[in-house]
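Residue numbers (my numbering), protein chains in the order written: chain B, 49 to 717; chain U, 253 to 553.
Just so you know, the hints here were simulated from the structure itself, not pulled from any lab data. It is possible that some hints are incorrect.
What the hints assert, rightly or not - A short, non-exhaustive set of chain U residues, derived as facing chain B with CB atoms under 8 Å:
(1) 318
(2) 320
(3) 323
(4) 473
(5) 485
(6) 489
(7) 499
(8) 504
(9) 511
The C-beta atom is built at its ideal place from N, Cα and C for all residues, glycine as well.
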Amino acid sequence: MTFLYPALLAGLVLTALPIVIHLINQLRYRTIRWGAMMFLLQANRMSRGLARLRQWLILLMRMLAIACLVLVVSRPLGMGVLGWLTAGHADTTIILLDRSPSMLASSGGRSKLAASRRQLAETLGRFSSSRWVLIESGTLKPHELESPAALEQLPEAGPTSAATDLPSMLAAARNYIVANQAGRTEVWICSDLHSNDWASEDARWNELRSSFAGLPQPVRFHLLAYAEPPGGDVAVRVSDLRARRQGESAELVVSLRLSRQGGGDPVSVPVQFDIGGARSTLNVELVGTSVEVREHRIGLDGRHLRGWGRVSIPADANLADNEFYFTFDASQSPHTVVVSDEREVAEPLQLMASIGPDPNEPRTADVVSLQQSGDVEWAKAALVLWQAPLPEGQVARQLTELVDRGGEVIFFPPRQISDEPAFGLRWKSWSPVPDGAVIDRWRGDEGLLADTQSGMPLPVGKLDLKNICSLVGEATPLATLKGGDPIVARAEMAHGGVYFWATTPAPQDSNLGNEGVVLYVAIQRALAAGSAALGHARQLVAAGFTADGREERAAKWQKLAGSDSALSSEYALQAGAYLDGDLLLAVNRPEEEDTAGMLVDEKVSQLFEGLDFTRIDQVASRDRSLVEELWRPCLIAMLIVLLAEAVLCLPRPAAENARERSRGFAFGR
Amino acid sequence: MKTAARPFLDPSVLARLAGIPLFARQPMQGSVSGRHESPHRGSSVEFAEYREYVPGDDLRRMDWRAYGRSERYYIKEFEADTNLRCCLVLDTSGSMDFGSRGATKIEYGRRLAAAIAYLAVLQGDAVGLTCVAGGVVRNIPPRRNPAHLSAVFDVLEAARPRGPTQLPTALHELAETVRQRALVVIVSDLFVDPDELQPCFEHLRFRKHDVAVFHLLDPQELDFDFRRPMRFVDLEGGASIFAEPNVIAARYLEAVRLYLERLRQIVLESAIDYHRVSLADNYEQVLGRFLTGRAGKRGVR
Chain B
49 MTFLYPALLA GLVLTALPIV IHLINQLRYR TIRWGAMMFL LQANRMSRGL
99 ARLRQWLILL MRMLAIACLV LVVSRPLGMG VLGWLTAGHA DTTIILLDRS
149 PSMLASSGGR SKLAASRRQL AETLGRFSSS RWVLIESGTL KPHELESPAA
199 LEQLPEAGPT SAATDLPSML AAARNYIVAN QAGRTEVWIC SDLHSNDWAS
249 EDARWNELRS SFAGLPQPVR FHLLAYAEPP GGDVAVRVSD LRARRQGESA
299 ELVVSLRLSR QGGGDPVSVP VQFDIGGARS TLNVELVGTS VEVREHRIGL
349 DGRHLRGWGR VSIPADANLA DNEFYFTFDA SQSPHTVVVS DEREVAEPLQ
399 LMASIGPDPN EPRTADVVSL QQSGDVEWAK AALVLWQAPL PEGQVARQLT
449 ELVDRGGEVI FFPPRQISDE PAFGLRWKSW SPVPDGAVID RWRGDEGLLA
499 DTQSGMPLPV GKLDLKNICS LVGEATPLAT LKGGDPIVAR AEMAHGGVYF
549 WATTPAPQDS NLGNEGVVLY VAIQRALAAG SAALGHARQL VAAGFTADGR
599 EERAAKWQKL AGSDSALSSE YALQAGAYLD GDLLLAVNRP EEEDTAGMLV
649 DEKVSQLFEG LDFTRIDQVA SRDRSLVEEL WRPCLIAMLI VLLAEAVLCL
699 PRPAAENARE RSRGFAFGR
Chain U
253 MKTAARPFLD PSVLARLAGI PLFARQPMQG SVSGRHESPH RGSSVEFAEY
303 REYVPGDDLR RMDWRAYGRS ERYYIKEFEA DTNLRCCLVL DTSGSMDFGS
353 RGATKIEYGR RLAAAIAYLA VLQGDAVGLT CVAGGVVRNI PPRRNPAHLS
403 AVFDVLEAAR PRGPTQLPTA LHELAETVRQ RALVVIVSDL FVDPDELQPC
453 FEHLRFRKHD VAVFHLLDPQ ELDFDFRRPM RFVDLEGGAS IFAEPNVIAA
503 RYLEAVRLYL ERLRQIVLES AIDYHRVSLA DNYEQVLGRF LTGRAGKRGV
553 R
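Hey, can you work out the whole structure from these sequences and the hints?
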């Protein structure tokens with residue numbers, strides 16, 4: 049049990065008051081010379097057993113009454129298990145707040161996030177702590193609070209569209225504890241147990257457990273879990289978006305997906321499109337858990353080939369997944385630069401890069417020699433196909449800038465091998481491929497060689513390779529020969545994509561040119577990725593920490609649409625449409641927020657195994673605080689005790705009757 | 253009759269009580285003629301019975317009128333009047349030293365005993381006094397001369413309450429030592445086991461004594477209306493008792509009630525002239541009730 053005024057508990061000493069008064073009373077006795085001792089002796093002999101017990105009970109009742117009174121003025125707090133779990137004073141209380149979109153799921157008119165903020169403010173307000181620290185999922189920065197009550201007003205504790213990375217939050221908490229010598233620490237985790245947020249399979253959990261267990265100060269974890277699944281929540285998401293010219297006009301091809309957890313009866317969902325103020329509605333029949341609407345076409349004014357839009361559905365249990373922003377830009381075509389001095393290589397590469405899957409979306413590809421590479425306008429290129437000695441000097445720096453901006457580069461081995469590396473890799477030497485050697489392993493789940501959307505694998509294993517050039521350096525192989533030699537590898541880059549192919553489409557090296565499906569798909573995928581990154585309209589996933597330092601630039605963004613309460617410093621975290629210079633940005637929640645399920649209870653327990661951990665399940669609709677003042681029950685208990693004491697003290701009717709009887713009997717009256 | 257100034261004597265009270273004779277409830281065997289019925293036939297003016305003449309009877313007592321009517325010889329007999337031997341028994345044990353309203357039980361008892369002694373001597377009866385505590389402390393045999401009354405008063409005045417109560421032993425002893433029928437007046441708080449008193453009373457009744465008891469009780473002993481913790485010091489020298497009145501009152505009163513109930517049963521069975529007296533009562537009224545009660549039973553001549 050915790051008390052608002054624990055110092056007043058010192059008043060419990062007063063419970064000894066009845067005993068002291070009793071003793072003083074005993075000392076203040078009066079002496080009387082008495083004749084009728086025979087009756088006193090008889091009375092004494094009779095005052096055993098229950099009579100004596102009655103006296104002790106009276107004394108006990110009086111002590112209990114005082115104890116109850118002291119408890120009342122000390123303002124006890126009832127918290128069930130919390131009472132003994134959080135007893136005592138904490139030096140530091142760290143609150144890890146999940147601000148992810150799933151926390152906006154509401155029941156009873158209150159979202160999980162709002163309920164958790166309120167309950168944390170009320171609950172922690174009852175406890176004493178020298179320091180209150182909030183680490184929220186958006187920025188992972190520790191915010192020192194004056195009191196837990198600030199949680200309800202703090203803008204940094206509001207909802208975001210970014211997913212939560214709970215291991216990172218715990219790591220931030222640990223770092224704070226270590227850096228600030230936090231002393232005895234209570235860590236309150238407030239989350240809806242979304243499996244995406246917890247990343248329970250992440251290897252960091254082992255390190256976190258061991259590091260927390262190794263801390264010199266005691267750290268206790270309390271999980272305030274809002275694991276109640278939102279009922280009837282439908283999420284909308286744009287899965288694909290293309291804007292293309294059609295003569296003087298243009299159109300927007302939108303693919304979207306409606307999904308819901310757990311399924312249910314078929315429902316008709318009116319999907320509203322809002323593009324530049326023009327609204328249109330599409331009724332979608334949602335059967336089962338999800339439905340995909342492919343290539344819904346929306347006509348655009350030919351003069352406005354660039355803009356933003358929003359897809360929304362009627363409000364339901366979670367407002368955060370009821371809209372999705374997008375931006376589009378059809379004003380520029382994806383451009384590829386092919387650098388090669390070999391015609392047999394350059395021609396197929398140029399063809400593959402300039403022929404897009406949609407004839408309405410023109411693509412351009414220029415071929416330049418190595419000598420001309422210094423004059424190329426790299427800023428316009430979305431993809432660079434480089435089959436020449438690895439770049440050096442100015443060209444190498446320009447390519448690095450292109451990659452940093454999100455552009456893609458695919459290197460093919462030149463005939464003349466140089467020792468100069470690029471992006472941490474360099475070519476070593478050409479060698480013939482043994483007869484019958486084929487690619488037996490490749491990454492079909494992601495990357496350039498990923499399977500098709502229908503699940504069909506690319507015919508990578510059917511490629512006929514004749515000569516390959518070995519690679520030196522750290523890279524992630526995407527396809528390897530049977531012996532383990534990499535054929536396609538990805539350089540380790542923070543962003544953008546840099547790939548190395550160990551052969552060329554020249555007929556003497558492989559049939560990549562003649563049987564060009566694999567290479568075509570790879571180039572088109574790289575071009576799409578580069579275009580998306582380097583175009584003037586980008587779709588971003590809300591995130592607090594990105595490798596490109598987006599969150600720092602976000603403060604300068606201009607908001608076109610989005611939440612009114614979003615802080616400008618948190619634009620990178622908030623869903624909406626923004627303008628960054630001449631760049632249109634659409635920020636949305638990550639896809640996993642719509643699909644991931646809840647973490648099972650056993651898994652949660654495993655994650656905190658070996659640590660002092662307590663879980664408290666809460667429901668957003670519950671309006672009661674985790675802690676409640678218990679002065680009323682204490683007061684009632686005191687009254688009951690006083691009543692019992694009064695009953696015990698009442699002169700027994702038998703005694704009064706005995707007095708009357710003895711007096712009447714004595715004198716016949 | 254001249255009496256010395258005694259604190260326990262109030263002449264006005266005695267004067268008022270002098271008009272009520274003191275009678276025994278049964279025939280007495282006195283040594284001289286008096287106002288009390290004798291078990292023997294005598295020469296008083298009160299007719300007793302006729303009986304047939306037998307040779308040797310005094311012819312002066314022959315009823316000739318009866319002979320004239322029945323031609324039979326009848327002797328007319330009259331009641332004999334004799335004096336009364338009043339044995340006063342005053343309890344002088346330590347418990348008699350208690351009194352919550354000024355006068356102690358011993359003082360109250362002195363007044364009662366002195367008044368009865370005075371009244372008895374006034375009507376020509378013999379008065380004796382026995383003071384008992386742990387045993388018989390003082391004993392003055394009954395005498396009827398007024399000078400003896402002064403001796404009784406002296407003993408009463410000198411009586412000091414102390415020591416334990418051995419009333420039953422003393423009463424048994426008294427029953428054996430008083431040879432003729434007497435009025436035995438016991439003035440005591442009777443703080444002894446009632447079951448021990450019953451044989452005493454029966455013993456006295458067996459010896460043809462008329463037994464009267466003044467049971468002196470202080471109101472506080474009956475009410476036990478203490479509020480604060482008390483240390484009760486035994487007036488008879490026993491161990492002290494520390495008690496919380498609130499705690500013990502009920503049981504104390506219950507013990508008193510049982511004691512009184514038992515005592516009442518005993519006095520009824522023993523045909524004792526029992527008077528329970530509160531120290532708050534006026535002793536003149538107590539004595540008035542005592543005397544008139546006896547006069548009603550005996551009849552005044």
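To see whether the hints hold, each was checked on the structure:
The restraint placing residue 318 of chain U at the interface with chain B is violated, with a minimum CB-CB distance near 49 Å, outside the 8 Å limit. With a least beta-carbon distance of about 55 Å to chain B, the hint placing residue 320 of chain U at the interface is violated under the 8 Å criterion. With a cut of 8 Å, the hint placing residue 323 of chain U at the interface with chain B is violated, because the nearest CB-to-CB distance is about 57 Å. The beta carbon of residue 473 of chain U is positioned within 8 Å of a beta carbon in chain B (closest approach about 5 Å), and the interface hint is therefore held.
A cut of 8 Å between beta carbons decides the hint on residue 485 of chain U: the least distance to chain B is about 5 Å, and the hint holds. Proximity of residue 489 of chain U to chain B is violated relative to the hint, the smallest CB-CB distance being about 10 Å (cut-off 8 Å). This hint holds: residue 499 of chain U has a C-beta 6 Å from the nearest C-beta of chain B, less than the 8 Å allowed. With its C-beta approaching chain B no nearer than about 4 Å, residue 504 of chain U sits inside the 8 Å limit, and its interface hint holds.
A cut of 8 Å between beta carbons decides the hint on residue 511 of chain U: the least distance to chain B is about 7 Å, and the hint holds.
The structure fails hints 1, 2, 3 and 6 (numbered hints given earlier, in ascending order).
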